[in-house]
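This is what each chain is made of:
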Amino acid sequence: MKTNLLYTAVMAVSIFFFLGCETENDINKLGNLVPKTVEYDSSLPSIPINGTQLHAETFGNPNDPMVVFLHGGPGADYRNALNVKELADDGFYVVFYDQRGSGLSKRHDKKTYSIQLVLDDLTAVIAHYRTSPTQKIFLFGHSWGAMLATAYINSYPDKINGIILAEPGGINKKLLDEYGESSRKIELLSELTSNLFYIDQFLTGKENQHEILDYKMGISSSFSYAKGNDEGIEGPSPFWRMGAAVLNGFVDISENEGFDFTTNLMKYDTKVLFLFGEMNKSYGYSFARKEAMYFRNAQIEEVKGTGHEMIYFKWENVHPIVLFYLNELK
Amino acid sequence: MKAIIILITFIISYLSSHILQAQTLNWENLKKEEKHILNINAGWENSMVFGLHYGYHFRTEKPLVAEASISIPAGSYFLDDFKTKLGGQISFYKIDNFRLNASVHAIYRRYENPLVVFQNFGADATVVLGYYKLKWFASGEFGFDKAILTRFKHLEIYKEVYPEAKNGWYGPSTGGNFNFGIQGGYSFNRSDITLRAGKVMTQDFKITPLIPFYVQLGYNYKLD
Numbered sequence: 001m002k003t004n005l006l007y008t009a010v011m012a013v014s015i016f017f018f019l020g021c022e023t024e025n026d027i028n029k030l031g032n033l034v035p036k037t038v039e040y041d042s043s044l045p046s047i048p049i050n051g052t053q054l055h056a057e058t059f060g061n062p063n064d065p066m067v068v069f070l071h072g073g074p075g076a077d078y079r080n081a082l083n084v085k086e087l088a089d090d091g092f093y094v095v096f097y098d099q100r101g102s103g104l105s106k107r108h109d110k111k112t113y114s115i116q117l118v119l120d121d122l123t124a125v126i127a128h129y130r131t132s133p134t135q136k137i138f139l140f141g142h143s144w145g146a147m148l149a150t151a152y153i154n155s156y157p158d159k160i161n162g163i164i165l166a167e168p169g170g171i172n173k174k175l176l177d178e179y180g181e182s183s184r185k186i187e188l189l190s191e192l193t194s195n196l197f198y199i200d201q202f203l204t205g206k207e208n209q210h211e212i213l214d215y216k217m218g219i220s221s222s223f224s225y226a227k228g229n230d231e232g233i234e235g236p237s238p239f240w241r242m243g244a245a246v247l248n249g250f251v252d253i254s255e256n257e258g259f260d261f262t263t264n265l266m267k268y269d270t271k272v273l274f275l276f277g278e279m280n281k282s283y284g285y286s287f288a289r290k291e292a293m294y295f296r297n298a299q300i301e302e303v304k305g306t307g308h309e310m311i312y313f314k315w316e317n318v319h320p321i322v323l324f325y326l327n328e329l330k
Numbered sequence: 331m332k333a334i335i336i337l338i339t340f341i342i343s344y345l346s347s348h349i350l351q352a353q354t355l356n357w358e359n360l361k362k363e364e365k366h367i368l369n370i371n372a373g374w375e376n377s378m379v380f381g382l383h384y385g386y387h388f389r390t391e392k393p394l395v396a397e398a399s400i401s402i403p404a405g406s407y408f409l410d411d412f413k414t415k416l417g418g419q420i421s422f423y424k425i426d427n428f429r430l431n432a433s434v435h436a437i438y439r440r441y442e443n444p445l446v447v448f449q450n451f452g453a454d455a456t457v458v459l460g461y462y463k464l465k466w467f468a469s470g471e472f473g474f475d476k477a478i479l480t481r482f483k484h485l486e487i488y489k490e491v492y493p494e495a496k497n498g499w500y501g502p503s504t505g506g507n508f509n510f511g512i513q514g515g516y517s518f519n520r521s522d523i524t525l526r527a528g529k530v531m532t533q534d535f536k537i538t539p540l541i542p543f544y545v546q547l548g549y550n551y552k553l554d
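So the protein lines, in turn, are chains D and V. Just so we're aligned, residue 1 is where the first sequence starts under my numbering, counting upward by one. Just so we're aligned, residue 331 is where the second sequence starts under my numbering, counting upward by one.
Treat the hints with caution; some may be incorrect.
FRET-style restraints, in silico, Cβ to Cβ [said to hold, decoys possible]:
#, chain 1, residue 1, chain 2, residue 2, range
1, V, Phe-508, D, Asp-269, 52 to 58 Å
2, D, Arg-184, V, Phe-380, 31 to 37 Å
3, V, Leu-547, D, Met-266, 52 to 58 Å
On the chain D side, residues computed to face chain V include the following (Cβ under 8 Å) [what the hints assert, rightly or not]:
#, residue
4, Asn-32
5, Tyr-40
6, Gly-218
7, Phe-239
8, Phe-259
Computed cross-link-like contacts, DSBU-like style, restricted to lysine-lysine with a CA-CA straight-line distance of at most 35 Å [to be verified]:
#, chain 1, residue 1, chain 2, residue 2
9, D, Lys-159, D, Lys-29
10, V, Lys-489, D, Lys-85
11, V, Lys-536, D, Lys-314
12, D, Lys-206, V, Lys-536
13, D, Lys-185, V, Lys-529
Hints listed in this document are in silico derivations from the structure and should not be mistaken for laboratory results. Since the structure is predicted, the reported quantities are computational estimates derived from the model, not experimental observations. C-beta: ideal position from N, C-alpha, C; glycine also.
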């Protein structure tokens with residue numbers, strides 16, 4: 001018995017010294033696993049609006065018609081949509097911003113989020129960059145960003161001069177559920193399933209422990225581009241930092257309160273441009289048509305050779321369609 | 331943190347040198363002469379998982395079983411993810427057919443996806459209160475699984491996302507989950523067929539895992 005205890009003690013001391021040779025990182029230290037947000041990194045471009053601080057940048061002549069890009073998620077960022085800045089060379093003032101709690105923008109408590117709050121943020125972003133009352137404003141939304149653009153039109157049908165909606169994943173709760181069911185199928189025995197769920201025993205994080213939760217969401221993103229995925233996503237696309245609290249906040253709102261961004265869309269007379277990727281089996285023309293029917297005037301265009309992440313992977317096919325639409329309304 | 335490492339090392343060394351690990355057992359049906367307990371199991375526990383257990387039954391006054399186990403989730407790549415456990419369980423209190431049991435395990439586990447590889451040292455502890463008869467048993471369990479120290483190795487895709495991400499050991503604890511549920515089983519000859527099921531919650535009780543439950547079907551075979 002005494003020999004075994006001595007053996008154990010020697011092993012413990014040996015491992016103590018062995019592990020002591022390697023520096024231990026603090027899981028809670030800013031910058032270790034995910035980049036710092038604008039709140040903690042003053043070198044990042046940002047704007048203070050509506051009680052928060054947003055990571056934002058612009059391209060082009062501030063007096064040109066403005067195109068505000070709205071990224072996906074909720075909780076993703078605009079890094080994989082930077083191709084859109086080419087519109088600056090086409091005579092548009094392109095505004096990018098990471099939505100509240102997303103990307104490199106300031107983090108907030110999960111319970112503070114609401115649809116109205118992010119609509120107010122968008123109003124404030126437009127006001128911040130607008131150089132004259134006659135400057136035309138266009139919204140270009142991708143995925144969740146397209147849902148947000150729709151919600152904005154639904155609330156303020158007379159403020160926007162045109163919108164481009166690249167595969168909004170459901171502009172009301174029923175459509176969101178329908179899209180979710182067809183695009184997020186789980187096969188019990190697949191590598192994708194273990195990649196997505198097995199991590200829960202390694203990393204948990206607390207409700208507003210943003211560094212850990214954002215990191216976990218970021219490294220779990222590989223499920224979206226797994227081989228054979230229904231959304232036709234070709235592979236990884238870059239992001240800065242995911243926002244888990246904002247995603248969880250909006251999931252709660254969707255599940256508990258539901259949402260409907262279609263109630264007032266018929267008041268919007270301007271033509272709306274819908275884009276869908278040829279390779280996205282979950283969306284396609286039929287789903288685009290379902291969403292487009294809520295608008296008085298909608299044009300549906302297929303983007304060839306790509307899926308849901310069309311702006312990153314096939315911008316050369318997206319660009320001419322978007323430019324033609326914008327030039328019509330410019 | 332170093333103290334925790336030492337504690338884990340101590341537990342692993344102590345248990346491996348003295349006793350061998352938590353199978354779902356019918357304590358009433360476990361005979362003194364049955365020394366070896368083999369177990370296979372399958373179920374959902376943070377993924378679709380398949381496991382193998384070995385237990386060594388000591389002839390002690392209070393029934394004591396030392397255990398070693400490995401479980402592997404389904405997937406395309408063999409051993410990119412797995413969990414090993416070393417520890418033991420004891421039935422330390424009995425009144426009539428009611429028993430109070432406890433188990434503790436040291437854990438080493440691995441996880442890999444296209445962005446990162448984790449290696450983790452952790453521990454779990456479970457308390458089980460149940461009613462045990464020769465042919466069957468039913469019980470309730472409450473446990474905690476702590477990921478104490480984790481090594482992060484970032485792969486190319488994440489290095490492109492965030493080149494400054496630091497590799498290496500991370501602490502303090504990177505995670506923890508509570509579980510509570512039921513156990514039950516049917517015993518015959520030298521065999522038990524067992525079922526565990528329950529709910530998982532993260533340590534702050536505010537976040538639930540993506541699929542917040544577990545279920546495990548097991549088969550024990552006992553040898554002298």
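Hint check results:
no.: 1; hint: Phe-508/V with Asp-269/D: 52 to 58 Å; verdict: 55 Å, holds
no.: 2; hint: Arg-184/D with Phe-380/V: 31 to 37 Å; verdict: 25 Å, violated
no.: 3; hint: Leu-547/V with Met-266/D: 52 to 58 Å; verdict: 55 Å, holds
no.: 4; hint: Asn-32; verdict: 5 Å, holds
no.: 5; hint: Tyr-40; verdict: 14 Å, violated
no.: 6; hint: Gly-218; verdict: 7 Å, holds
no.: 7; hint: Phe-239; verdict: 6 Å, holds
no.: 8; hint: Phe-259; verdict: 22 Å, violated
no.: 9; hint: Lys-159/D with Lys-29/D; verdict: 43 Å, violated
no.: 10; hint: Lys-489/V with Lys-85/D; verdict: 24 Å, holds
no.: 11; hint: Lys-536/V with Lys-314/D; verdict: 40 Å, violated
no.: 12; hint: Lys-206/D with Lys-536/V; verdict: 7 Å, holds
no.: 13; hint: Lys-185/D with Lys-529/V; verdict: 23 Å, holds
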